[in-house]
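Construct all of the structure, not just a fragment, from the sequences and the given hints.
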Amino acid sequence: MPKYSEDFTPQEMIVVAGSRTLIDNKVVFAGTGLPMVAITLAQLTHGPGIVPVFEAGAVGPELSRGLPLSVGGSRTTYKANYLLGLNSAFELTQRGFCDFGFIGGAEIDPYGNLNSTMLGSYPDGYNKPKVRLPGSGGASDMACSCERTIIIMVHEPRRFSEKIDYITSPGYLDGSPNARWRAGMVGQGPYRVITTKAIMGFDDETKRMKLIATLPGETVESVQEATGFELIIPDDVYPFEPPTVEEIRLIREVIDPLGYFVKKKIKG
Amino acid sequence: MPKYSEDFTPQEMIVVAGSRTLIDNKVVFAGTGLPMVAITLAQLTHGPGIVPVFEAGAVGPELSRGLPLSVGGSRTTYKANYLLGLNSAFELTQRGFCDFGFIGGAEIDPYGNLNSTMLGSYPDGYNKPKVRLPGSGGASDMACSCERTIIIMVHEPRRFSEKIDYITSPGYLDGSPNARWRAGMVGQGPYRVITTKAIMGFDDETKRMKLIATLPGETVESVQEATGFELIIPDDVYPFEPPTVEEIRLIREVIDPLGYFVKKKIKG
Amino acid sequence: MYWTGLSPDEARQFLANKDKSKRDKRISLKEAVQKYVKDGDNLGIAGFVDARQPIAIVHEIIRQGRKDLTLSYQSAGIAAEYLCGAMCLDDNKNSIKRMELAYLAHEAFGISPLLRYLTENSLIEMEDWSNYNMSARFKAGAMGLPFIPCRSPMGSDMLQTNRAIIQDCPFTNRPIMLLPASHPNVALVHVQEADIYGNCRIQGPLFTCPEISMASAHTIVTCDRLIEHDDMVRFPNRVSIPYFSVDAVIEVPYGAYPGNSNGLYYYDEKHIPEFRDACEKFRKGERAPLQEYFDNYIFGVENTTEFINKIPLNQIQHVEKIEPGIRLESAHTVLGS
Amino acid sequence: MYWTGLSPDEARQFLANKDKSKRDKRISLKEAVQKYVKDGDNLGIAGFVDARQPIAIVHEIIRQGRKDLTLSYQSAGIAAEYLCGAMCLDDNKNSIKRMELAYLAHEAFGISPLLRYLTENSLIEMEDWSNYNMSARFKAGAMGLPFIPCRSPMGSDMLQTNRAIIQDCPFTNRPIMLLPASHPNVALVHVQEADIYGNCRIQGPLFTCPEISMASAHTIVTCDRLIEHDDMVRFPNRVSIPYFSVDAVIEVPYGAYPGNSNGLYYYDEKHIPEFRDACEKFRKGERAPLQEYFDNYIFGVENTTEFINKIPLNQIQHVEKIEPGIRLESAHTVLGS
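Protein chains in written order, with my numbering: chain B, 1 to 268; chain X, 269 to 536; chain L, 537 to 873; chain V, 874 to 1210.
Derived from the structure by calculation, the hints contain no laboratory data. Watch out, some of these pointers could steer you wrong.
[What the hints assert, rightly or not] Straight-line alpha carbon distances no greater than 27 Å define the calculated BS3-like cross-link-like pairs of lysine-lysine that follow:
(1) K571/L with K294/X
(2) K294/X with K561/L
(3) K554/L with K294/X
(4) K633/L with K128/B
(5) K26/B with K908/V
(6) K347/X with K561/L
(7) K970/V with K396/X
(8) K347/X with K556/L
(9) K966/V with K396/X
(10) K26/B with K893/V
(11) K554/L with K79/B
(12) K294/X with K556/L
(13) K571/L with K633/L
(14) K79/B with K895/V
(15) K26/B with K940/V
(16) K940/V with K396/X
(17) K903/V with K893/V
(18) K1154/V with K396/X
(19) K1154/V with K398/X
(20) K806/L with K263/B
(21) K26/B with K1154/V
[As the list claims (entries may be wrong)] One-sided excerpt, in silico: chain B residues whose CB lies under 10 Å from chain L:
(22) T32
(23) L69
(24) R75
(25) N87
(26) A89
(27) S116
(28) M118
(29) Y126
(30) G135
(31) M142
(32) S161
(33) R180
(34) W181
(35) G184
(36) V186
(37) F261
Yeah, the Cβ is synthetic: ideal placement off N, Cα and C, and Gly gets one too.
Here's what the structure looks like:
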């Protein structure tokens, strides 16, 4: 019986949930930030055989030299099993070598489409965004071509929206049958959405987001309330097992002691 | 005043003519066989700055470890300035990095189109060739995408034919205006044809082969007689300067002492 | 269809006519920028986010001043931020007309304040792509192809405003995306090691550096150290950019500082936030810190050596020391002067 | 449109479902061929002409016997010639149905007698391409693309009978050639060095080995020597094929003999002509020398060690000694058993 932590932040909870979602011995394409932390945590716990891939070129490095500040930094390259550049990393993905992609975004819709480009009116207002975000980076490529994607989000009503301003990284598009296949994509699409409040998946039929588990301190109602569209609520929603003392210790002391990605405090 | 050799074979004459056609400091994509010998001779005489490229991947090696038996062999790689594989070599060529390509074939037509695939009827008889030749290798790629090509041939009437059985490596196609450009090619096409009997070029207008110089022991008439189609004979055809004693010595003693490519005797 | 930089046919023609001989290409950075970087150019910015970006070259461009630039890159960080900052401070001296990009921000160090400032005020034209798209566009250019197919991000809104085309694959009948090649006028590249002819040996991720160089009409390379040619060609499989793709090579130690140069120095976790904070203040209306930053570290110095001299020595020693257990891998002789 | 081997969508599906974990992949060559090479398969043959061809693997296939094979390669030499010879001697045991190729011959050692024999007697189906075409077809496969554009050999008669398509480029309106991807069922690859997980370090020209491996459903790798994993990943930029592209790895010293393995042994200028002469005699109607060659060197031995034992020791020492001044470049520890 593991000892559960009684003191953890929402971001730490996300990291733990992300880590537990990963399966040992799978190839995981890591987006920047929390995904890198979650992969490292999984490697240190149940998934020592997880193979991280970084878009700047590194495949399967040891992440034992400190948390990478960037998916292109030196710490992604130590003892890598292959190391060319962006084209090679994305080609491997397009070919089918990456089981999971691990990405984030600023906005998400019920079909798992993500926005990391801009807030405002598009295409009309493309040259006058309300808020300009950093842009796709490799997230849209991962969303299309990794076999499955895991999405990490901060859970706020304005970020979960029936209609998002811009689709950067495609999920199930409009949710119509075989929408991804018809659009020309090769990956199967979003697998899980992991937030500060819940674990969600997608309905097999409608491809709309459905609740799978509530995180500690949350209820079905509190999750729905924080979501800007209606979630599918199946009968078997369960409470997610809280972070263990060991998981939190690993995050704080081993993986991100300086709090680069796992801030001590988080809004929302 | 150089001392001329009084004892050389037709193949040695080809190599000398090929070498002298090359310009110092140019990038030359080398086909297998005599082109490799000619490039090495040029490097040892007037063209120390010639940069050889080999289709298996090597760019700019020193050819000081013996004549390569293959464009993919170890001797093409010594102190190379870049060394990946076939795709990289042909991509560089397609991009425009190769000033000259140096190729051969079994048959040639008046427009510099070359056959190295099969003798017989095509496409009907594709699966029942009269003689099956080795195939294109990289020659057709060089013919299309090097900026200019230099062709090396044995000069026999049956090899110089108004109509060849199969176009492996395109020259000026049917000779019509901008035929290469319209076909989608990027290189400018054949520059010289060097044979055991003559140096030839192409008429600017008609793109048909024209005589430039006769090799020692040959006349305009003897060259035309050995050619299966009518050559353009301009007024300024001149006799090519014979091989020097030094050139022949370099071929025999330094470059191909075992006679791999420069046989001591040659038919035709 | 329009092309920025060179069209595929222009790029081929330009390279076909170019002198590709193997010659000593050392020149001062000042001269290199004077000779190769023109107003209105499309600049291919190598590196990735804040790693191995061509900081020394960008500082020199800013000192000289260039206008109406198009910046092409997959993911950029400080190199692009510096150019944005120069434009923010004085767009009569430096200006960006357009960016073709996948991402501009600093990952762990935060978003790009000046991307927000310039776009939200409609001061530059944007063309959004994914990282793979921009990398593949440079690759198509490097391969001498007018376009390259790609399977992402089909379904994304990016395709509404960029130049990608979707067509049915003639072999499978499924839709596929075609990306137009990118041929910048000048590639700006920083590497760890180069020889005097321009051969480059990159350690760590290659990012899209070889492709950007080979796609561009000209390439300026700065290197942390010049090494003997014989040490370069002793390991031909490790040459990342061949000499004939490079026009100018300049030894500039710390040429990617305050970013990461794999095997030599890590990100400066003090200096990058110092610069970024000044940018963030500018975005919020406070101009002075950014002006001071530029006056102190860029306009107030002649070159990268003087810039580095302004950084406390222990800070430089720190970024060298924490570069995590990875040292440049091959034997070499540093070239004497 | 038809596909040989896997179609692009099948190839993606197959790889998506495949176990890509990092595990010890050592297995005997006999088992590897039994497990992965099936009658009717499309085999991607790595190497280039007579250099670094998968000779040990091909000998084992011939001993076991496989029928109706499709061979895909850019330029092959002895590996393909051996398979042709096995078919010539007994097409109930070994047979080639089809070749997708750019070139089959031996450069300085002469043409391929058995290519002439089989084609001039209409015994195999041919699809001719250029070297760049076949390399780019594997590359498209490795990139997960259904096709890749190419600018050569436009204007060639090859296009009348192969599956290339010409269309107008939607960006430039000039014609461009599209090559369908190649996804063989099995890639046969010989390299100098591998580790137990399948990571490969190739020295010298890479030929099209990485692309063939990554495009194929399965890859069998033989290596002249197995090295410690830590020695492999100490130089990540030198890994040529990543482990997850490889299914089986077998240490077979001289696995490319009598061909060239860069850094280890040169072409055997005695043995290659000995084999080729037997082939030439077969073409001219004399069967016995080829039968004797196969009985002696392939059917009469169990494996490559026994094959090499039949070659005079001084001949082996000679090909090692004349390998011209190039030795494998990196420090390594040979893996103990």
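Comparing the hints with the structure gives:
{"no.": "1", "hint": "K571/L with K294/X", "verdict": "23 Å, holds"}
{"no.": "2", "hint": "K294/X with K561/L", "verdict": "17 Å, holds"}
{"no.": "3", "hint": "K554/L with K294/X", "verdict": "10 Å, holds"}
{"no.": "4", "hint": "K633/L with K128/B", "verdict": "15 Å, holds"}
{"no.": "5", "hint": "K26/B with K908/V", "verdict": "23 Å, holds"}
{"no.": "6", "hint": "K347/X with K561/L", "verdict": "19 Å, holds"}
{"no.": "7", "hint": "K970/V with K396/X", "verdict": "15 Å, holds"}
{"no.": "8", "hint": "K347/X with K556/L", "verdict": "18 Å, holds"}
{"no.": "9", "hint": "K966/V with K396/X", "verdict": "24 Å, holds"}
{"no.": "10", "hint": "K26/B with K893/V", "verdict": "7 Å, holds"}
{"no.": "11", "hint": "K554/L with K79/B", "verdict": "40 Å, violated"}
{"no.": "12", "hint": "K294/X with K556/L", "verdict": "7 Å, holds"}
{"no.": "13", "hint": "K571/L with K633/L", "verdict": "21 Å, holds"}
{"no.": "14", "hint": "K79/B with K895/V", "verdict": "14 Å, holds"}
{"no.": "15", "hint": "K26/B with K940/V", "verdict": "36 Å, violated"}
{"no.": "16", "hint": "K940/V with K396/X", "verdict": "22 Å, holds"}
{"no.": "17", "hint": "K903/V with K893/V", "verdict": "23 Å, holds"}
{"no.": "18", "hint": "K1154/V with K396/X", "verdict": "21 Å, holds"}
{"no.": "19", "hint": "K1154/V with K398/X", "verdict": "19 Å, holds"}
{"no.": "20", "hint": "K806/L with K263/B", "verdict": "18 Å, holds"}
{"no.": "21", "hint": "K26/B with K1154/V", "verdict": "53 Å, violated"}
{"no.": "22", "hint": "T32", "verdict": "5 Å, holds"}
{"no.": "23", "hint": "L69", "verdict": "4 Å, holds"}
{"no.": "24", "hint": "R75", "verdict": "5 Å, holds"}
{"no.": "25", "hint": "N87", "verdict": "5 Å, holds"}
{"no.": "26", "hint": "A89", "verdict": "8 Å, holds"}
{"no.": "27", "hint": "S116", "verdict": "9 Å, holds"}
{"no.": "28", "hint": "M118", "verdict": "8 Å, holds"}
{"no.": "29", "hint": "Y126", "verdict": "6 Å, holds"}
{"no.": "30", "hint": "G135", "verdict": "4 Å, holds"}
{"no.": "31", "hint": "M142", "verdict": "8 Å, holds"}
{"no.": "32", "hint": "S161", "verdict": "14 Å, violated"}
{"no.": "33", "hint": "R180", "verdict": "7 Å, holds"}
{"no.": "34", "hint": "W181", "verdict": "8 Å, holds"}
{"no.": "35", "hint": "G184", "verdict": "4 Å, holds"}
{"no.": "36", "hint": "V186", "verdict": "6 Å, holds"}
{"no.": "37", "hint": "F261", "verdict": "6 Å, holds"}
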